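Protein chains: 2
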Amino acid sequence: MELKKEKAVKQMNGTSQEYRNFPMVPRVVFGHGSFDQLGDILLPQRRHSEAPVIFLVDDVFEGTPLVQRIPSIFCDRIIFISALEEPTTEQVDALVHHIGEVFSEAPAGIVGIGGGTLLDLAKAVAIMLNNAGSAAKYQGWDLVHKKAVYHVGIPTISGTGAEVSRTTVLMGPERKLGINSDFTPFDQVVLDPELTRGVPKDQWFFTGMDCYIHCVESLNGTFLNAFSQSYGEKALELCTEVFMHDGSPDQKRDKLMMASWHGGMSIAYSQVGVAHALSYGLGFLLGVRHGLGNCLVFRHLAQFYPEGVALFEQMVEKHGIQFPQNVCAHLNDQEMDTMIQVAMGMTPLWENALGPKWRSKIGPEEIRAIYQKI
Amino acid sequence: MELKKEKAVKQMNGTSQEYRNFPMVPRVVFGHGSFDQLGDILLPQRRHSEAPVIFLVDDVFEGTPLVQRIPSIFCDRIIFISALEEPTTEQVDALVHHIGEVFSEAPAGIVGIGGGTLLDLAKAVAIMLNNAGSAAKYQGWDLVHKKAVYHVGIPTISGTGAEVSRTTVLMGPERKLGINSDFTPFDQVVLDPELTRGVPKDQWFFTGMDCYIHCVESLNGTFLNAFSQSYGEKALELCTEVFMHDGSPDQKRDKLMMASWHGGMSIAYSQVGVAHALSYGLGFLLGVRHGLGNCLVFRHLAQFYPEGVALFEQMVEKHGIQFPQNVCAHLNDQEMDTMIQVAMGMTPLWENALGPKWRSKIGPEEIRAIYQKI
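Chains as they are written, first to last, in the working numbering: chain A, 1 to 374; chain B, 1 to 374.
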């Protein structure tokens, strides 16, 4: 793949003169069973017994042995949260309010255990505990100015890249958009591939494809530089091995966890593109979850990503994945317009995909035509 | 490449029950000309005008335009250092002593600008400004207990991985060994491929091969897990592209800088192997520089790394690289024994390369036979 022009890189996310000084997750542990190191990891962060660690846990784990392994001591609290719906700014505000009501001391840490929804919630709650007002106020780029509470991310499904990214994507009153800031990334990530055992097949596929699709978008984008390219290529290669080649389930869990990690890193000097912009529209209006939404959209984007879509269709066939039909069929004109408006509002994504003159290359009618196929 | 047994991973660097909680460089900026962001990057670290930033700079840059671009203000100091010899604990002690004598205030930051030697010196000086005694006391694993002074790494040649590693390799009174600790990694790295313009061809090759060789060693080691494997494979692929394929000089500079970065990361849950162990012996006794030493040794390691050595020889031929001959010819028996002893002392490297029973697989006579070929 050709490296794109320097100029395009410099335009990334609106910075015109300089390159982003990218914040990386400063601590990571990888290994089968590494989840059991969490207690030791949290210990130095505990100030005293009144400052709780709050564990935000996907409620699919309620009553499972994993919960017994959570190192909850003193006044720590485990809060189970459903990931059936995308995380919202309202939910973040409610969690922050609840924590403030229940505890006299500020939390010593927030630990997210789950998929992209739980990881994004953990990041957002950690930020909002130290920043005033509603989370909706901070949706956008670099609007956070105070350090977040210490926060740990522990993925239990692979693909979103939320464990390593500098954003937390939330459904707000006006839009689905990330809180994209230097304070968003986790202070610590625990990568334990064992935790991804037992993920239902469809979810495994859709979430893995989130990684695959954002790598295709990143590698074909105008913002790309050699840093992001090297991570994106590795992630794409690992996805292809996992979804197209042979290998033991253990190896595939390991590889998909690393694909997600590298895929997330590839966004450092890059951006997602057309699929994510359209998927955000679907998510906002219909509540279609992110991984599935990306897949539904991506199938119809061969004009933008011909090779990526062709390989995607092979993966769909190999794994016998069935997609819901006529998802947008019942929408009225006004709803459709809203969805188009949300999608077209994702300026950095369109600029990455189609360059600064993207508005001359795609408009509401082309987007409507794509949505009508879904 | 097959993933090795979990057990071997757990034995890494003597930890028997848990996986290393790996410290990553928390901030990185990548881009052509990103060096010019250094002033802005340092600003928030400056406490007041009496606390200097010390720039340790490879003396090949003395009098070049790069020096004019160093954002030295207030009482900051630029210290030029020759990289013709490997860095020593004595040199670190002398620098720390000098800084203590000259400045009444502790430095606000240490910035290393150069290759592996300068980067390792910067890391070591930053550590030793906050830890008592000689640097030699801290050679080994996890002997540092106090946080280092804020330190920034800016590589001007690619391959060592020193910009991202958790060690700083020093020649000490008793051995060549790293200060391997959680406080060693840089707080900030600036990756500006422009700075690697003008590196002499031999040095470019030997230093690039440092990356290539440590990836071969890491990928063929018993400590490997999926995390390190994914980084090592990408680095090896980038090295192969740079040294074997076509491409513009600009692209190759970008790619080699990323190869070095990923190669350094691949050591997170891995180790180098036979070539580095033997090269450490050469370095200790003869002062042979690290990159060259690795190459001199690696050519004779086909029994351990058959594919790696074969491709290496193709690269040597393609670039018309000439090696010094009879490097070890003039050594007497006692000197040879010392060199063998230094090499055999690198236990974690041998364990990674040949497994826990490595002593049954290689001994002083086999090592002597290899050295005699060099």
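It is worth saying that the hints were derived from the structure and are not from the lab. Hints should not be assumed to be uniformly reliable.
Covered by chain A, per the in silico footprint, the following chain B stretches (three or more residues, Cβ under 8 Å) [claimed, not checked]:
#1 18 to 26
#2 126 to 135
#3 221 to 227
These numbers were taken from a predicted model, which means no experiment stands behind them. For each residue, glycine too, the CB sits at the ideal point set by N, CA and C.
Here is what the structure says about each hint:
1. 18 to 26: holds (count 9)
2. 126 to 135: violated (count 0)
3. 221 to 227: As far as the region 221 to 227 of chain B goes, the hint holds, because 3 residues have Cβ atoms under 8 Å from chain A.
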